[in-house]
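Position chain B against the provided structure of chain A, taking the given hints into account.
So you can see what is in the structure, the chains are spelled out below.
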Amino acid sequence: MMSATRLIGATIVLVLLSGCVNTGLYNWGGYEKDLYFYYKDPQNLDDYTEELAKLVGDDSNADRVPPGMYAEYGYILYEQGDIEQAREYFVKEMERWPEAAAFMALAIQNLTDGIAPQFDSPEPAEAEATAPVADGEQS
Amino acid sequence: MSRNYLLAGALALIAGLTGCVTAPISSYDYTAFRESSPRSVLIVPAVNNSVEVEAADFYLASITRPAAERGYYVFPVHMVKRILEDDGLGDANMVHNADTIQLAELFNADAVLYVTIEQWNAKYIVLNTVVTVEFAFLLKDGKTGETLWANQQIRQYSSGQNSGGNGLAGLLADAIAAGITKAAPDYMPMSKQANAQAIGQAGYGVPAGPYNPNYLLDLTQFPKAPIPDPAASQPPTGDAAAPPQPAAKEDSTS
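If you read the protein sequences in the order shown, they are chains A and B.
As numbered in this note's numbering, residues 1 to 139 make up the first sequence, in order.
As numbered in this note's numbering, residues 1 to 254 make up the second sequence, in order.
Source of the hints: derived by calculation from the structure; they are not laboratory data.
Hints are supplied without guarantee of correctness; some may be wrong.
No farther apart than 20 Å at their CA atoms in a straight line, the calculated lysine to aspartate or glutamate pairs in the DMTMM-like style are these [as the list claims (entries may be wrong)]: (1) 33/A x 47/A; (2) 33/A x 52/B; (3) 33/A x 54/B; (4) 54/A x 79/A; (5) 224/B x 29/B; (6) 54/A x 88/A; (7) 143/B x 35/B; (8) 40/A x 79/A; (9) 224/B x 35/B; (10) 33/A x 186/B; (11) 123/B x 134/B; (12) 40/A x 50/A; (13) 123/B x 186/B; (14) 123/B x 52/B; (15) 40/A x 91/B; (16) 123/B x 54/B; (17) 33/A x 57/B; (18) 40/A x 52/B; (19) 33/A x 46/A; (20) 54/A x 32/A; (21) 40/A x 57/B; (22) 54/A x 82/A; (23) 54/A x 84/A; (24) 33/A x 50/A; (25) 40/A x 54/B; (26) 143/B x 99/B; (27) 40/A x 186/B; (28) 224/B x 146/B; (29) 40/A x 85/B; (30) 143/B x 105/B.
Chain A on its own, in the form it takes in the complex (with noise of 0.2 Å):
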């Protein structure tokens, strides 16, 4: 009775304790260093697109991949015009995420059409109805 108490005791210490370690949920590399470098200064996309590279090229490891990394990668390589591999990666975050699957579909959708990942605009609550100016890379 007593080491049953003491079993289920130390169980939920276990528990508890086991969702505070500091291994996390997924492996993130350099991910947060890398996209904070590339907003800092432009040219860095390189390492940024490098690191998206590595952590989506873990196919053993796929469970470790967080969520969004395979659709960020698909989406820098549209934006490097490899429209093939981009479908292969919105796609993928597909499968692994039920979350994204309608998203995903609608950007392969619009891949396939051709045309930019691009949905009608929600209406601004306030009164700008025009569209801002797309600002560019450099602040």
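Same frame as chain A, now just chain B:
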């Protein structure tokens, strides 16, 4: 009796070892959140009220990880940002002012997270550098537009402080100190810390999502309705979302 000791021991262990599970002191009202129970979060570019022009972009690099690790599907923030720009929504203010339901529908997102950067600055006073970040978080339901969660965090670091600590706090302080240089202060460690606190704190953060092992097992830490605790003594710093404390005594120092 032995069970009580065991429980007390377990709690002491948790409090002592992890520092990340704390008993709820009162709490945010999670009624709407629990009813909505979102699986996916669309994080749109932050509105930037700070003087640092690039803060919104830098911030975006620091928010996906804590939200995803909390157990949610997080839409690809950079792709989302680009698509919004292509759609004429390059101005974050326009995105934040757009209809939430319509916005969520574009991506089929269960919830939309709006972050406003209130402060992101460094002040230099003689040999001391004081770096401040302040964020306001607002999570809205994608189907109804209803507010599911709100939080506010402010973090300040002064290079004049002697961290002198050990353990996690000391490590964090060191990491931050390493980034504080006059030439180009690195705000990222503080940004990450503020996000982690906003999202992870029991009673005030975001409940575990479907990919987190604690999913639906944290009803005590993130209750459906706030738990008033008479022993509540320390409201969390910078938490504007805290429900009003039951006024126990009149405070003359206000």
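Okay, the hints, checked on the actual structure:
| no. | hint | result |
| --- | --- | --- |
| 1 | 33/A x 47/A | holds, 10 Å |
| 2 | 33/A x 52/B | holds, 19 Å |
| 3 | 33/A x 54/B | holds, 15 Å |
| 4 | 54/A x 79/A | holds, 18 Å |
| 5 | 224/B x 29/B | holds, 6 Å |
| 6 | 54/A x 88/A | holds, 16 Å |
| 7 | 143/B x 35/B | holds, 12 Å |
| 8 | 40/A x 79/A | holds, 19 Å |
| 9 | 224/B x 35/B | holds, 9 Å |
| 10 | 33/A x 186/B | holds, 11 Å |
| 11 | 123/B x 134/B | holds, 14 Å |
| 12 | 40/A x 50/A | holds, 17 Å |
| 13 | 123/B x 186/B | holds, 13 Å |
| 14 | 123/B x 52/B | holds, 12 Å |
| 15 | 40/A x 91/B | holds, 18 Å |
| 16 | 123/B x 54/B | holds, 17 Å |
| 17 | 33/A x 57/B | holds, 12 Å |
| 18 | 40/A x 52/B | holds, 12 Å |
| 19 | 33/A x 46/A | holds, 13 Å |
| 20 | 54/A x 32/A | holds, 14 Å |
| 21 | 40/A x 57/B | holds, 8 Å |
| 22 | 54/A x 82/A | holds, 18 Å |
| 23 | 54/A x 84/A | holds, 19 Å |
| 24 | 33/A x 50/A | holds, 13 Å |
| 25 | 40/A x 54/B | holds, 8 Å |
| 26 | 143/B x 99/B | holds, 11 Å |
| 27 | 40/A x 186/B | holds, 12 Å |
| 28 | 224/B x 146/B | holds, 16 Å |
| 29 | 40/A x 85/B | holds, 18 Å |
| 30 | 143/B x 105/B | holds, 8 Å |
Checked against the numbered hints given earlier, this structure breaks none of them.
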